[in-house]
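K.L.:
Protein chains in written order, with the working numbering: chain R, 1 to 346; chain C, 1 to 346.
Keep in mind the hints are simulated off the structure, nothing from the lab.
Since we're looking at a predicted model, the values are computed, not measured.
Covered by chain R, per the in silico footprint, the following chain C stretches (three or more residues, Cβ under 8 Å): (1) 7 to 17; (2) 51 to 65; (3) 101 to 108; (4) 118 to 125; (5) 190 to 200; (6) 311 to 321.
Ideal Cβ positions, reconstructed from N, Cα and C, are used throughout, including at glycine.
The chain contents come next:
Number of protein chains: 2
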Amino acid sequence: MVRNLARAVFQYTEPPRIISYACIAGKKEGEGPMASCFDRIEPDAHFGQETWEQAESTMQRQTLQLALDKCSLDSKEISCICAGDLMNQCIGTTYGLRPMDIPVLGIYGACSTMAEGILTASLLAACGAGEYTAAVTSSHFSTAERQFRFPLSYGGTRPPTAQWTCTASGAVILQKSDKEKGGIGVTGVCIGKIVDLGVTDASHMGAAMAPAAADTIVRYLEATGTKPSAYDAIVTGDLGIIGSELVRDLVMKQGYDMNAVHRDCGVMMFDGETQDTHAGGSGCGCSASIVCGHFLPLLQRGAMKKILYAATGALMSPTASQQGESIPGISHLVELTADCQDSGIE
Amino acid sequence: MVRNLARAVFQYTEPPRIISYACIAGKKEGEGPMASCFDRIEPDAHFGQETWEQAESTMQRQTLQLALDKCSLDSKEISCICAGDLMNQCIGTTYGLRPMDIPVLGIYGACSTMAEGILTASLLAACGAGEYTAAVTSSHFSTAERQFRFPLSYGGTRPPTAQWTCTASGAVILQKSDKEKGGIGVTGVCIGKIVDLGVTDASHMGAAMAPAAADTIVRYLEATGTKPSAYDAIVTGDLGIIGSELVRDLVMKQGYDMNAVHRDCGVMMFDGETQDTHAGGSGCGCSASIVCGHFLPLLQRGAMKKILYAATGALMSPTASQQGESIPGISHLVELTADCQDSGIE
Numbered sequence: 001m002v003r004n005l006a007r008a009v010f011q012y013t014e015p016p017r018i019i020s021y022a023c024i025a026g027k028k029e030g031e032g033p034m035a036s037c038f039d040r041i042e043p044d045a046h047f048g049q050e051t052w053e054q055a056e057s058t059m060q061r062q063t064l065q066l067a068l069d070k071c072s073l074d075s076k077e078i079s080c081i082c083a084g085d086l087m088n089q090c091i092g093t094t095y096g097l098r099p100m101d102i103p104v105l106g107i108y109g110a111c112s113t114m115a116e117g118i119l120t121a122s123l124l125a126a127c128g129a130g131e132y133t134a135a136v137t138s139s140h141f142s143t144a145e146r147q148f149r150f151p152l153s154y155g156g157t158r159p160p161t162a163q164w165t166c167t168a169s170g171a172v173i174l175q176k177s178d179k180e181k182g183g184i185g186v187t188g189v190c191i192g193k194i195v196d197l198g199v200t201d202a203s204h205m206g207a208a209m210a211p212a213a214a215d216t217i218v219r220y221l222e223a224t225g226t227k228p229s230a231y232d233a234i235v236t237g238d239l240g241i242i243g244s245e246l247v248r249d250l251v252m253k254q255g256y257d258m259n260a261v262h263r264d265c266g267v268m269m270f271d272g273e274t275q276d277t278h279a280g281g282s283g284c285g286c287s288a289s290i291v292c293g294h295f296l297p298l299l300q301r302g303a304m305k306k307i308l309y310a311a312t313g314a315l316m317s318p319t320a321s322q323q324g325e326s327i328p329g330i331s332h333l334v335e336l337t338a339d340c341q342d343s344g345i346e
Numbered sequence: 001m002v003r004n005l006a007r008a009v010f011q012y013t014e015p016p017r018i019i020s021y022a023c024i025a026g027k028k029e030g031e032g033p034m035a036s037c038f039d040r041i042e043p044d045a046h047f048g049q050e051t052w053e054q055a056e057s058t059m060q061r062q063t064l065q066l067a068l069d070k071c072s073l074d075s076k077e078i079s080c081i082c083a084g085d086l087m088n089q090c091i092g093t094t095y096g097l098r099p100m101d102i103p104v105l106g107i108y109g110a111c112s113t114m115a116e117g118i119l120t121a122s123l124l125a126a127c128g129a130g131e132y133t134a135a136v137t138s139s140h141f142s143t144a145e146r147q148f149r150f151p152l153s154y155g156g157t158r159p160p161t162a163q164w165t166c167t168a169s170g171a172v173i174l175q176k177s178d179k180e181k182g183g184i185g186v187t188g189v190c191i192g193k194i195v196d197l198g199v200t201d202a203s204h205m206g207a208a209m210a211p212a213a214a215d216t217i218v219r220y221l222e223a224t225g226t227k228p229s230a231y232d233a234i235v236t237g238d239l240g241i242i243g244s245e246l247v248r249d250l251v252m253k254q255g256y257d258m259n260a261v262h263r264d265c266g267v268m269m270f271d272g273e274t275q276d277t278h279a280g281g282s283g284c285g286c287s288a289s290i291v292c293g294h295f296l297p298l299l300q301r302g303a304m305k306k307i308l309y310a311a312t313g314a315l316m317s318p319t320a321s322q323q324g325e326s327i328p329g330i331s332h333l334v335e336l337t338a339d340c341q342d343s344g345i346e
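This is chain R alone, in the form it adopts within the complex (with noise of 0.2 Å):
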């Protein structure tokens, strides 16, 4: 069950463990920093595909499949999975999936897709849903660029605040609670509101989407009584850096100094200086891949003990800015707990 702090804030009782999770990333992700985080680094942008859609669909099995592989589960053994992604109607996961067997909940949260996915598959876990459950997403520079903006023969010129949309996929599987053993725990929870302050750039995403990981961190902080001090990181998901800036000061001016703990995975994803990627990473697979990757061995080796993972999704699509509307942004939370133990029945 869950013990309720606030209005869409909540802590497990007996929090859901994340028993495995798997990444993996495309080319030019795995010449950056991370490179050395991923589970796998595949060549062929293609992966062997005709068409992009079926690689970012093939991608996204391949990912699951080796989080499967890693805790040594059947898919059959899966009660339901949470997933998403950025393409029109989530073919990535439609088609993804479809050959997997597994009960689906589609969800959309854009680039928040991961976070709403642990979160809806940790609510199925702590429920008694199902022994164990799951979430993947992903995303795909040809599909998302040509999707969201121009066609990738195009050759428009990038201005300094765009970002990248990574080729890149996670995937983690989670059990309900077992009191016997520690574990990464998902130990609470944040869902996040829709915040529009009013931008109308495609290319400037990360400024129309701190507005709303602010306001669910700050929400966070308040319902826990706690401090930015308190979790080893609190991770944004692809704000980049222009969008990384204005988050802390969003964050500051509401009293709280995340300075010394803020990590954004849009930042972490490339090397700006040889990489020419701008502000940074985006896309669904960008902060799916690190947590999966760098922030959940962290905390698995118990290097980290505690931390905030907000994904950030901006809300908008083609025709609606063609009509002239702003992008909404949405943040949703989960904090997760190394070495998690239960905090009892209330």
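Place chain C on chain R using the hints.
P.N.:
Frame of chain R; chain C shown alone:
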């Protein structure tokens, strides 16, 4: 908590209650046989807005507001809403709910969205993640037809198997179990699997979705050890005339005769003789509005005691179809019980 009956099939020991519901439909839907069940029939297809997308967002927001008004709740009292729609990046929900200041879990299940929303919102309520949760979805003829098929002004001939995307929306408000009062309980749940038997015709959606509906309904009947006669109605989403025959046949082949109790919202929505709607209605709003306008009131009055609502979604995208992909279906199911009593904590 939940009593887990089989993989992705569970029942609540303290079922959340549906305390309010509302539906709004368009002019054509208001000229059909279900006219009297809608809370409002909007004669202006633009809902006073400039674009079809803004029209759908407005309809979705107005429907939610109406459901809130009926139970005298303010939007700030809702802990979380589970919402989605058919438009790319679910912008009906994003822009529709933007001014409402409610934490949102975005979901994507195509036309199965209303059942997925009730399912997810009931899980949050059952877990104690808040006193009130909600679900809403919508579809609009003009946003869906041009996105999934042809430009509206193209005037393509519709084959006999085609369905008509409804302009309609439905919303429900849930409250966590209150032992003192009965009310309509969300008593059981079956999460859908992706099922694809190879249909490639986007004008033949009923055939693409029927196998998923049959899979979900049979899994629920098997897990609960019940027969179709245990329910006053087994309601499918929008299989239409052809898909309805198929689902009854598929369920029959697995040993269950549901002919006497099967109802399909796509069949119910229009008068095929006079409204030129071919195989029937479709869209997220089709079953959402008929469940909220017809079946929930029947349960409320005690005219029905227990129904299964298995909404059905076709998970294709135009891009996938153009690449030659077949159409995967999914169906999520909720069991709704009148004058619901808790079964006691396990």
